[in-house]
Amino acid sequence: MHSMKTLLTMILTLSFPIQYSILWAASTSSLSGKVMIDGSSTVFPVSEAVAEDFQKANLDVRVSVAASGTGGGFKKFCKGETDISGASRSIEKSEMDLCAENKVAFIELPIGYDGIAVVVNPENTWAKSLTVAELKKIWEPNSLVKNWSDVRAGFPATKISIYGPGPEHGTFDYFTQAINGKEKLIRTNFNAANPDALVTAVKNDKTALAYFGLAYYSANKNKLALVAIDNGKGPVLPTDASVTDGKYQPLARPLFIYVAEKSLGRPEVQAFVKSFVSSLTKVLPQVGYAPFQASLYPKVLKRAEEKITGTLYSDPSRRELSMGSLLNEAQRTSQVRPARK
Amino acid sequence: MPEFFEAPQEKPPGDFNIKRKLGSPSLSFFELGFRFFIYLATSISVLTTLAIVFVLFREAFRFFGEISISEFFGTEWHPLIEPRAFGVLPLISGTLMVGIGASLIAVPVGLMSALFLSEYVKGTTRVVLKSAIEILAGIPTVVYGYFALTFITPLLRGWLPNMDLFNALSAAIVVGIMIIPTISSVSQDAFEAVPRELRDAAFGLGARRYQVALTIVFPAALSGFVASVILGFSRAVGETMAVTLAAGATPKLTLNPLESIQTMTAYIVQVSLGDTPAGSIEYRSIFVVGALLFLMTLASNIVAQWIARRFQEKYH
Chain A
15 MHSMKTLLTM
25 ILTLSFPIQY
35 SILWAASTSS
45 LSGKVMIDGS
55 STVFPVSEAV
65 AEDFQKANLD
75 VRVSVAASGT
85 GGGFKKFCKG
95 ETDISGASRS
105 IEKSEMDLCA
115 ENKVAFIELP
125 IGYDGIAVVV
135 NPENTWAKSL
145 TVAELKKIWE
155 PNSLVKNWSD
165 VRAGFPATKI
175 SIYGPGPEHG
185 TFDYFTQAIN
195 GKEKLIRTNF
205 NAANPDALVT
215 AVKNDKTALA
225 YFGLAYYSAN
235 KNKLALVAID
245 NGKGPVLPTD
255 ASVTDGKYQP
265 LARPLFIYVA
275 EKSLGRPEVQ
285 AFVKSFVSSL
295 TKVLPQVGYA
305 PFQASLYPKV
315 LKRAEEKITG
325 TLYSDPSRRE
335 LSMGSLLNEA
345 QRTSQVRPAR
355 K
Chain B
2 MPEFFEAPQE
12 KPPGDFNIKR
22 KLGSPSLSFF
32 ELGFRFFIYL
42 ATSISVLTTL
52 AIVFVLFREA
62 FRFFGEISIS
72 EFFGTEWHPL
82 IEPRAFGVLP
92 LISGTLMVGI
102 GASLIAVPVG
112 LMSALFLSEY
122 VKGTTRVVLK
132 SAIEILAGIP
142 TVVYGYFALT
152 FITPLLRGWL
162 PNMDLFNALS
172 AAIVVGIMII
182 PTISSVSQDA
192 FEAVPRELRD
202 AAFGLGARRY
212 QVALTIVFPA
222 ALSGFVASVI
232 LGFSRAVGET
242 MAVTLAAGAT
252 PKLTLNPLES
262 IQTMTAYIVQ
272 VSLGDTPAGS
282 IEYRSIFVVG
292 ALLFLMTLAS
302 NIVAQWIARR
312 FQEKYH
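Those protein sequences? They're chains A and B, same order as listed. Note that our numbering has the first sequence beginning at 15, numbered continuously upward. Note that our numbering has the second sequence beginning at 2, numbered continuously upward.
Hints may be right or wrong, so weigh each one.
Said to hold, decoys possible - With a Cα cut of at most 20 Å, we get these calculated EDC-like pairs of lysine to aspartate or glutamate:
(1) Lys196/A <-> Glu83/B
(2) Lys196/A <-> Glu283/B
(3) Lys150/A <-> Glu83/B
(4) Lys198/A <-> Asp190/B
(5) Lys131/B <-> Asp190/B
(6) Lys198/A <-> Glu283/B
What the hints assert, rightly or not - Partial chain B-side listing against chain A, Cβ under 10 Å, derived:
(7) Ile82
(8) Arg85
(9) Leu246
(10) Pro258
Said to hold, decoys possible - Label-pair ranges, simulated between beta-carbon atoms:
(11) Leu274/B <-> Ser78/A: 18 to 26 Å
(12) Leu232/B <-> Glu95/A: 15 to 23 Å
(13) Pro155/A <-> Ser273/B: 20 to 28 Å
(14) Ser289/A <-> Ser132/B: 46 to 54 Å
By construction, these hints were calculated from the structure, which means they are not laboratory data. For each residue, glycine too, the CB sits at the ideal point set by N, CA and C.
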């Protein structure tokens with residue numbers, strides 16, 4: 015035992031200089047300066063992961079990532095205090111006005127989707143779909159739902175075991191907001207656990223109902239049964255298509271970063287945004303979000319390269335459009351007016 | 002001046018230079034340097050403890066500026082869910098259920114295997130068996146957690162179909178298995194340190210091996226055994242990863258081990274993982290829970306030392 019420990023310590027100690035030398039070798043870039051990021055706590059883990067890798071490759075660039083929330087982030091961003099702002103919704107009219115007031119032009123870059131899957135055990139034959147009202151009935155504070163029959167007449171009178179991520183997860187905030195109308199508002203007597211453990215729980219518990227990030231469902235498709243969500247327009251299952259074309263509501267939302275046009279003139283911000291967009295297909299699944307189809311990211315990057323300012327959602331009805339068609343359309347417009355600055 | 006550095010009382014006649022040759026024992030450069038370093042080493046651990054206690058209690062004090070003591074000893078704990086509640090009893094019940102449950106499993110098993118290893122086997126067999134038990138201590142706790150969730154719980158649900166999938170019982174069992182090596186190793190060392198003569202005397206009087214083990218070795222090594230139990234219990238109470246995976250994270254005031262619970266350390270980790278701003282009441286709540294856990298562990302240490310002193314058989 016002891017000799018093993020000594021050996022391990024020796025290996026660790028000896029490997030330190032090696033690790034450092036690798037870091038030094040990688041730092042051949044000549045970029046320097048500071049990149050300031052703030053905004054949504056949902057986007058925070060993505061920015062943080064990208065920032066970490068970026069700083070390893072560019073030792074002279076300092077990237078600071080904060081999480082004041084989408085609204086709090088825009089307040090600073092539109093005063094010109096930050097370079098990049100993460101957002102779990104598109105920018106609002108009042109925020110655009112504030113930006114305009116301070117002459118902050120922004121470039122909107124959609125980065126992927128935050129979707130929630132509602133799942134049951136594969137042996138559950140009745141809960142093929144649930145309405146948003148039924149979800150609220152199950153999850154609202156002081157909910158009286160104890161059996162499946164309490165959810166909908168016609169469901170069996172067997173126990174319902176309710177599972178969800180604990181309040182430390184961004185998915186918790188989003189789900190409580192989307193279903194119960196206010197963040198962190200929820201019944202207290204549900205089984206909280208981390209998403210990996212939730213997957214195992216639902217797989218083994220025939221009475222289970224759970225929600226968690228869509229990425230966890232995608233990685234465990236054969237062990238779980240998906241519940242379609244009915245938001246008044248008929249049941250919709252979360253698929254790549256229904257999530258990205260905005261039909262799977264209210265449990266999917268696009269995530270964005272907003273980059274200040276002025277900041278994008280600095281080479282370190284340019285390089286950071288580029289590395290941000292190109293690492294999304296790798297980083298998003300790691301933190302539990304759904305990336306777009308890979309073919310959309312070059313179009314996102316193009317928005318940054320050509321500095322196309324303004325939002326894709328010039329009016330609210332455009333939220334119904336899929337990200338693919340939004341980006342395609344935006345690209346056509348930019349090709350007509352390539353000189354736009 | 003420490004006794005062991007004093008010059009020999011009886012100097013050999015004629016050898017007056019011995020002191021000068023070695024230099025003054027209490028003032029030599031190396032002596033002072035050595036003293037300084039051992040003093041420094043001791044103060045590092047003492048100061049760290051003091052600093053931790055200071056930070057814990059400072060934040061805890063601020064917490065009680067906002068939450069009354071009576072609310073703190075309430076029965077509902079959900080500081081991160083609206084409407085918030087700060088009653089710590091569910092966390093205490095969850096912690097004790099896992100800690101005591103694990104001890105109920107690990108203490109008898111650990112004690113028996115320690116007696117077996119120290120009194121019944123010798124040589125290679127002893128070394129091999131001891132290493133085999135210690136391997137248990139080398140398994141990562143996350144592995145224990147999934148072992149509980151995917152093996153122990155489904156097994157138990159065969160007999161107890163009403164059991165929750167996340168439950169305190171599997172957590173207690175798996176943590177019990179985890180702390181067996183702690184209890185067994187420390188106890189075994191204590192048993193082996195009991196002087197050979199005591200055993201020989203008992204054998205000489207015609208005692209059987211089990212009588213020697215239970216009436217001679219065990220009472221003589223009681224303080225070592227109690228220390229092992231305290232170490233094991235502290236580890237059970239402090240265990241986080243395996244418990245969170247096996248028992249979920251549902252703070253609930255219950256004595257039913259078939260339900261999901263949350264322990265104090267699991268709560269601390271839960272808040273640390275989220276994006277809780279420093280200085281907020283949720284942030285302070287983890288220090289309060291930490292301070293309470295510290296007081297609980299301190300109390301159990303004091304009780305254990307009292308037990309060990311009270312019942313220790315002294316042979317020298």
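Going through the hints against the structure:
1. For the hint pairing Lys196/A with Glu83/B, the CA-to-CA distance comes to about 9 Å; that is within 20 Å, so the pair holds.
2. Between Lys196/A and Glu283/B the CA atoms are separated by roughly 18 Å; this keeps the pair inside 20 Å, and the hint holds.
3. Our distance criterion of 20 Å between C-alpha atoms is met by Lys150/A and Glu83/B, whose separation comes to about 15 Å.
4. With a CA separation close to 51 Å, the supplied pair Lys198/A and Asp190/B exceeds the 20 Å bound.
5. Distance restraint check for Lys131/B and Asp190/B: the Cα-Cα separation of roughly 11 Å lies within the 20 Å cut-off, and the hinted pair is therefore satisfied.
6. With a C-alpha separation of about 13 Å, the suggested pairing of Lys198/A with Glu283/B holds against the 20 Å cut-off.
7. The closest approach between the C-beta of Ile82/B and any C-beta of chain A is roughly 6 Å, which is under the 10 Å cut-off, so the hint is satisfied.
8. For Arg85/B, the interface hint holds, since its Cβ comes within 10 Å of a Cβ in chain A; the closest pair sits about 9 Å apart.
9. Annotation: interface hint on Leu246/B holds; nearest CB of chain A at approximately 5 Å, less than 10 Å.
10. Proximity of Pro258/B to chain A is violated relative to the hint, the smallest CB-CB distance being about 15 Å (cut-off 10 Å).
11. Range check, Leu274/B to Ser78/A: about 21 Å between beta-carbon atoms, so the 18 to 26 Å window is met.
12. Separation of Leu232/B from Glu95/A is about 52 Å and departs from the stated range, judged on CB atoms against 15 to 23 Å.
13. One distance hint, 20 to 28 Å for the beta-carbon pair Pro155/A and Ser273/B, holds here, with the actual separation near 26 Å.
14. Distance hint for Ser289/A and Ser132/B: a CB-CB separation of about 48 Å, consistent with the stated range 46 to 54 Å.
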